[in-house]
Amino acid sequence: MTFNPSVLLIILLGIGFPMAFTQSITANVVVCVLALLYLMLHHANLKTIGLVTLISLPLALGTGWSFIAFGTGDVWLQAWLQVSRLFAYLFLGMSLTLTTPVKDMLMSFVLHLHLSPTFAYGLLAAFNLLPRIQRQVKTIRYSANLRGMTYHLWQPQLYFKAILSAIQWSDDLAQGMASHGFSEGFPRTMTYQDTLPKWQWLVAGILIIGYVGMSFFI
Amino acid sequence: MTKLAIENFSFRYRDSGPDELSQITWTPAAGSFNLLIGASGSGKSTLLKAMTGLLPQFGGTVTSGEITLDDLPIATVAPFERAKRVALLFQNPNRQFAMATPLEQITFALENIQAPAADIPHQVDEALATIGITALANQNLITLSGGEKQKVALATILALGSDYILLDEPFANVDPHARHELMHLLKQLQMHHGKTIIVADHDFSGYPDLIDTVYQLVDHQLTQTDASVLSANTGVDPLFPAPSRNALSPLALDDVSIDMAGRPLIESATFALPAGQLGLLSGVNGSGKSTLFAAITHQRPYRGLLHWDGQDSQKIKMKRWAQTVGLVFQDAMDQFVALTVADELALSQKHTRLPDYWTTARIEQTLDQLNLTPHTEANVYQLSGGQQKKLQVLSMLIMSQPVLLLDEPLAGLDTVSMQHVLDLIQTSIQANHISALMISHQRIGLADYVDYEIHLQGHHLIMGGAQ
Amino acid sequence: MQTVQQNNTRWHLKDVIFLAIIAIFFGIIYQLWGYMYYALAATPLKPFANDLTLGVWLMAGPMAGVLLKKVGATFLGELLAATVEMLLFSSWGVSTLLSGSIQGLGSELGFAMTGYKNWDKLGLTLSVITSTIVTLGWDLFSNGYLHYQPMMLVGLFAARLLSVGFFAGVLVYWIKRLLDQTGLMK
Ligand SMILES: Nc1ncnc2c1ncn2[C@@H]1O[C@H](COP(=O)(O)OP(=O)(O)OP(=O)(O)O)[C@@H](O)[C@H]1O
Ligand SMILES: Nc1ncnc2c1ncn2[C@@H]1O[C@H](COP(=O)(O)OP(=O)(O)OP(=O)(O)O)[C@@H](O)[C@H]1O
Ligand SMILES: [Mg+2]
Ligand SMILES: [Mg+2]
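Residue numbers (the working numbering), protein chains in the order written: chain E, 1 to 218; chain V, 1 to 467; chain Y, 1 to 186.
Keep in mind that the hints were calculated from the coordinates and are not lab data.
Below, a list of computed lysine-lysine pairs in the DSS-like style, where the Cα atoms sit at most 27 Å apart:
1. V:Lys-84 / V:Lys-3
2. V:Lys-350 / E:Lys-138
3. Y:Lys-121 / Y:Lys-70
4. Y:Lys-69 / Y:Lys-121
5. E:Lys-103 / E:Lys-198
6. V:Lys-315 / E:Lys-138
7. V:Lys-317 / E:Lys-138
8. E:Lys-138 / V:Lys-319
9. Y:Lys-69 / Y:Lys-117
10. V:Lys-187 / V:Lys-84
11. Y:Lys-117 / Y:Lys-70
12. V:Lys-187 / V:Lys-3
13. V:Lys-350 / V:Lys-317
14. V:Lys-319 / V:Lys-350
15. V:Lys-84 / E:Lys-103
Pair ranges (Cβ atoms, derived):
16. Y:Phe-157 / E:Met-149: 31 to 39 Å
17. E:Leu-51 / V:Asp-259: 18 to 26 Å
18. Y:Gln-31 / E:Leu-41: 26 to 34 Å
19. V:Leu-305 / E:Leu-41: 47 to 55 Å
20. V:Val-218 / Y:Asp-120: 43 to 51 Å
21. E:Leu-41 / V:Ala-118: 29 to 37 Å
Keep in mind the model is a prediction, meaning the values are calculated, not measured. Cβ coordinates follow ideal geometry from the N, Cα and C atoms, glycine included.
Make the full structure from the sequences, and use the hints.
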């Protein structure tokens, strides 16, 4: 069973928001298990899941520990609650990001969630620049070195140069896209198609209501 | 047939000051092949962008006249309607694509002009086939060479069906072979598809046989000129010797290999940089020239050893290494660290290794030679491409690192500026005993300046060029 | 042929790409900060690590606001940065998306209080204050801050105000001033 990316997003937000207020460890664990199952079902990269989990361990440790050290009331309950919440958020997020390419997400949002093509293609164009943006941060720092200077993270220069690149690139890209006919506010053909049977919305509703019921009333 | 007409058109970027384009009137003949020339900063890019309707949409103001597309002011025509009639190929091949692959990009363009969904796959295939890049359809655009990217851009324009194809120095970063191929393709489009072609270029070689008319921008105005002006910048391809092994700089590559995306790009390069000379590093687009520079400057990983004075250069801290090996970036925007031309140079002067040589008087005199004096207070980000290149080279020469790597410092320069830049490089490296290596696709005009050549081909460094 | 009317209040393609690229840049630069954060985050001092670096997370919003000067730019800038964060470095999952929206709302509120008229010192100062309060309110629940000792909460509030004040206030202001001098932002 594969959820349409739009449905998946609604599920994530629908469960994620109440999760910030819930006090139920069980509910968090159930979310973790379901999200992991969904990830397995879609052959998500196990190595990535493992790696991200591993990276989050120190954070989880710090979270739990801080409540034990500085908490009031049942500190152990709070510690476990926050740790389970952290992982629930993590796996919930991965069930979208690790199963769906960014392009499919954005196109689905255009088709089903009324995201404007201007936003979808603007974001997509920026995402396709990602490797260059990563390299650019390095280049900016290096260009300062070449002139006998260092840019520190608490000084404005690094951010300033980054924003200058952003101005330049967004101008170039927008011009490139306009010259390839992209017209804001005009209809365009969509060759991207996906399926979204009505029952998926129903399942989404059941999952969200089920979660809220489980976490606040049990 | 679409009609693109320019009537008494004047344009400026700034709110005050002189016009960048002044009273231009031009109706390119349908189905003709035109070359647009003019010194750097003369307004070629500005004119082409205005003709595509990108200006004033993306900045500046029209101070007189108008440009019309089928008698409608082009600025008011919706972009998808413009694209079907007029298209522009940008100078920088890297920044015109929104999508990840050629297939996606052409599909995106066809969707924009509201082509019926059922026809799109077929139209995409046809455009790719006409340009001869079917094999690249699904390759990530980031991994294509400059020449290949320009072909993808051409295929996109072809798919859009634009009657007018404008090209802004499309070959500035393209190797001679790809350049020749692309020019031939353009001729085909003109002859067999009835396109009207307008190319802005500084390098005139190959054009005399292709074009119908030459237009020149001088003093912000456009005039039609005689094709004989083109002979000025054509000539024989010079041959350069292998690097000498007599006087060597401290920099040496020992069995250096570089991988790109998991595949070997450069294999076991071994080479000692001659001292106090200017070398040429040549090779087709995508052969790895810029990547080799990135490795030497410690900006990307490599295998093997890079020596400085017999010592492993990796032992040297980044900040000191940057004071040892200088780099003129392929993209000028990457170089700048200040806001105005004056600030940029002042920073270099403050940190130069040779303050006695780079006196204020010398810097001012050099600025004058480079025609940059009127622009000292100008914002570096608003200079023309050619002006930026000149400033870039000068600010690195002032820094005077013992080794200087120059990545296409001549791209986009007119003949006169190129001469000035080469003179400047030669004078300062000889006076200060700097060892320099320069990447350039342009070879004509280099005969008096370059001491030796290294050619990058088939993953290997070949000493003495391809000949 | 179809024609267009120029409309300057809408979100243009260029603005969207610009915001997204800034968001990605800030996401990447944030990773540079990440090392420091990680060293502290594995200890009980994690909430302090969180609050002391929080300001960096909050830069994208006010930055977008003062650059684009549009209603909603602050919120959207922050939300986009969070989206990028989730898609690229998903170590916090959906919570990034939620906290991004909250942070965006918090920062936007400050500019809204000036009637979207002041994008300078006043707007930024108010934005710093509102975002500090709003995000702390959110953390009372989502990060269980409600269960910390009161003195600890006061300390966290101070740390947060300091961090947001410097990064999302002072530093953003400095960057804006540099950018104004280029004449490239109109
Ligand atoms: N965005 C801008 N804002 C302000 N001034 C600009 C801008 N772009 C270009 N200019 C100025 O307009 C003039 C014409 O620039 P343009 O880029 O059209 O020249 P060009 O003929 O294409 O030069 P090159 O051969 O170097 O590419 C130059 O003096 C340049 O400094
Ligand atoms: N991030 C990347 N991922 C994969 N391949 C890349 C990446 N960056 C560059 N390449 C590829 O590596 C090869 C070498 O690139 P490089 O820029 O060094 O070539 P070059 O010789 O400088 O070409 P040009 O003359 O076009 O500047 C090219 O085929 C390029 O497409
Ligand atoms: Mg130009
Ligand atoms: Mg290169």
